[in-house]
Amino acid sequence: MTDTQELKEKVSWVTDDAMEKLARRHRSERRFKRLGLSAIVIALVMLATLLVSIIGRGYTAFIQTTITLDVTFSEAIIDPKGARDHKTLKAASYRTLIREALRKEFPDVSTRKDLRALFGLISKGAVQEFRDLVISDPDLIGTTSSVELTASDDIDMFSKGYISRNVSEEDRRVKDIEIKWFDQLQSNNAIQTVFNKRFFTGGDSREPEVAGIMGALVGSLYTLLITFIISFPIGLMSAIYLEEFAPKNKITVLIEVNINNLAAVPSIVYGLLGVALFLNVAHMPRSAPLVGGLTLALMTLPTIIIAARASIRAVPDSIRNAALALGASKQQSVFHHVLPLSMPGILTGTIIGLSQALGETAPLLMIGMVAFIVDIPGGVTDPATVLPVQIFLWADSPERAFVEKTSGAIIVLLGFLVFMNAIAVLLRKKFERRW
Amino acid sequence: MLAKDMNTVYNDTKSIISAKDVSVFYGEKRALKSVSLDIPENQITALIGPSGCGKSTFLRCLNRMNDTIENCRVEGNITVDGQDIYAPHVDEVLLRARVGMVFQKANPFPKSIYDNVAYAPRIHGLAKNKDELDDIVLASLEKAGLLDEVKDLLNESGTGLSGGQQQRLCIARALAVQPDIILMDEPCSALDPIATAKVEELIEELRKNYTIIIVTHSMQQAARISQKTAFFHLGEIVEIGETEQLFTSPNDKRTQGYITGRFG
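Chains as they are written, first to last, in my numbering: chain A, 0 to 434; chain B, 784 to 1047.
In silico lysine-lysine, DSS-like type, Cα no more than 27 Å apart, as pairs:
#: 1; chain 1: B; residue 1: K981; chain 2: B; residue 2: K894
#: 2; chain 1: B; residue 1: K913; chain 2: B; residue 2: K934
#: 3; chain 1: B; residue 1: K911; chain 2: A; residue 2: K329
#: 4; chain 1: B; residue 1: K913; chain 2: B; residue 2: K926
#: 5; chain 1: B; residue 1: K991; chain 2: B; residue 2: K934
#: 6; chain 1: A; residue 1: K249; chain 2: B; residue 2: K812
#: 7; chain 1: A; residue 1: K247; chain 2: B; residue 2: K812
#: 8; chain 1: A; residue 1: K103; chain 2: A; residue 2: K89
#: 9; chain 1: A; residue 1: K429; chain 2: B; residue 2: K894
#: 10; chain 1: A; residue 1: K179; chain 2: A; residue 2: K123
#: 11; chain 1: A; residue 1: K103; chain 2: A; residue 2: K179
#: 12; chain 1: A; residue 1: K123; chain 2: A; residue 2: K112
#: 13; chain 1: A; residue 1: K20; chain 2: A; residue 2: K32
#: 14; chain 1: A; residue 1: K329; chain 2: B; residue 2: K894
#: 15; chain 1: B; residue 1: K913; chain 2: A; residue 2: K329
#: 16; chain 1: B; residue 1: K816; chain 2: B; residue 2: K803
#: 17; chain 1: A; residue 1: K159; chain 2: A; residue 2: K112
#: 18; chain 1: B; residue 1: K934; chain 2: B; residue 2: K894
#: 19; chain 1: B; residue 1: K816; chain 2: B; residue 2: K1036
#: 20; chain 1: A; residue 1: K329; chain 2: B; residue 2: K888
#: 21; chain 1: B; residue 1: K894; chain 2: B; residue 2: K926
#: 22; chain 1: A; residue 1: K428; chain 2: B; residue 2: K894
#: 23; chain 1: B; residue 1: K1036; chain 2: B; residue 2: K803
#: 24; chain 1: B; residue 1: K991; chain 2: B; residue 2: K797
To be clear, the hints were calculated from the coordinates, so they are not data collected in a lab.
Here chain B stands alone, though its shape is the one from the complex:
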């Protein structure tokens, strides 16, 4: 019913992802209970909630990364651009090319910076020749705000960068596939405040061209960068709302308790 409320609020923006009654089971354990959520296009949607509330699980449903987990079963309906992504004819490889993902811990490949970014265009055949590949790599690094720092180090190992640079490298790597949607699973949790600020700045910059869904433990971060926030608790969505409204006047007591730091 909260979702219905949301629809009335957000019917002016087009939603690119729409999840209906999504339940996720790890074996017998039910990690998500009939979650419904619409993600508006070209906005930043923040998923907040205490640890183990299912927000990362939900995020991983959106590019079917849960498929890689043994015993994981997804029920319900998720559409991206009106297409059911769990339909049998949908290839998760193509889906993941459209829906990029950035992980909690920066995980660059132990290869050169160039190869890190060039990997996805190579396997998807996005570049016809070396020049085009160079263009994609440089443009992706540029978009990730990393180009100035690494343009002389393109052949150095990606793992030699600092934590924040590594995370931005991972974002650049995701951008190189030219996705429409980027999922971010607590991208700043391992970073210091300065690196966090840089990544946040980058995320806001990316909003112009991409739809971003970010899982975060930091309420300040959600408040700073997102337009829409969903509060998860015990596998359910408790409240969805415009970020400002949700943080200033939450409808639900549990939301209020969480954002004021009384639990979580």
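Okay, chain A solo, but in the shape it has when bound:
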């Protein structure tokens, strides 16, 4: 009793020393709060800078300058025999038609050099569009109607203001005479900016104004599909076995350590493994989403296993005991109770792993998915590229117009990621149960 009495007398809460200590504690707490807040603010500012710069640079990729011309669909040029069959229509020289239309619009252009510049106003890819238009509607032949034609990348850049009039002519890609024609067309209301549908529906191209991301998008989808099909079941089964069934001994500890290490292996190493295993040993097709997906699956597996194990471990033992005590077998207790309860965490981990795989470039470069591929892949064994590799390729291209395409593709990739994360949140909400 006396001991506690003495102890009580020793403690005084109102001495200067104690007050100073208390004040110091509060100061430290406030400092920590301010630091935390500033960390968040810095992160947000960086995110905002990133988004503003990408969107500011990339939104023009979604619009496209067109030039409307009165084109005479001359029967003599398209189909002199009047056969109207597919082969003839396909082989006709539509370029001549466009050139005739341009000549008619600007009758005073005569020199060879100027004519070449004049024909250069219209994209080379416009010929393709034009052909598709005639093939889909052969009745146009013999008539004259105004057609919207995609402008070339230089005109497009000029129209969007990326090429300044104030620069001296030698340093400018668009020459004075082209600007004169452009102004003339604009005063005739022939210049329009429209939504760039081709950017979302077309494959890659050497011509920036007709290059699209559909090929890369489909390639990414196929690749992710393969990654998911391979890595999710294998990862889930491994996690369940290791967490619920495997005996805890040296071998399982070794396996666990190795899985954790694999999660930290640089992705390019997986690319090399992919080359060695899938291309050189298994002789799978190069540049194919199948191989890309398998390689990325190797990379994603550790992430999925670790996430799944963590969320399986988070299910309280009382649930397992409850099931076992009712006479459920181990497997029943896992599949009826533990797995449904850990599903939100497993799915979140899986989608994080897949998001990583979606943004991965290095291992895909190793297995040849960096090729220039115009066609939109029709299956997992067709040559393809993926969104981040497409961004990489475009960022490497010299044409000014690819700058906005690059940012545009980044916006699409980010949109894809946001979409996947939204799915993760929705799934978590759907499967989450209250205790």
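Fit chain B to the known structure of chain A by using the hints.
Structure of chain B alone, referenced to chain A:
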């Protein structure tokens, strides 16, 4: 030798469980030391003793829940209805269907009340169709004294009930397998006195049809509801006796010390 004494006292009631020289090891540590105990049929047997004395370990031997613990080894002989439950041909899944268990912390599945009770009949195939399953669920809830409170909430989550209701739901869930024996591991330790009273009332009610073994920290509870009490201390059974006799005139000094609150 205490067990022998017990046999002379209890030879008029049939014992449904008989444990002989049961020892349990967690790795190197010996948690139970040659415990022998006979459990009479259709009675409530209380296991009391200070924390860490092995009473829960003993309880978990009876439905082989110790099997799920890594490094746990059980020695000795336990028979239920004369059958050795640790014999190699015995399937613990069937054993656990016969010997139900209720845990210290109510652990309903995070599913509807109906699904909680229907789970075991479903996995054991006890009901041929939906109507039979409904009957089993309702009868089990009725027996657990919960039906009146939840009959309009059958599709609500079992975790939304109050603590006492959850514990009775767990009892109903155990009853749905139609076991002969129910093990209860401190079923009231997390409940308030009113909920405890309800659960105790239920336990006494269940005695008519089931053999109940209850581990409890509350001596009053043991005294109130049990017919037979075993006092565990440091992994051994110190004393077994009729509850009334054990609480009024214990043979052993340690028992006396524990029930009068001098240690434990």
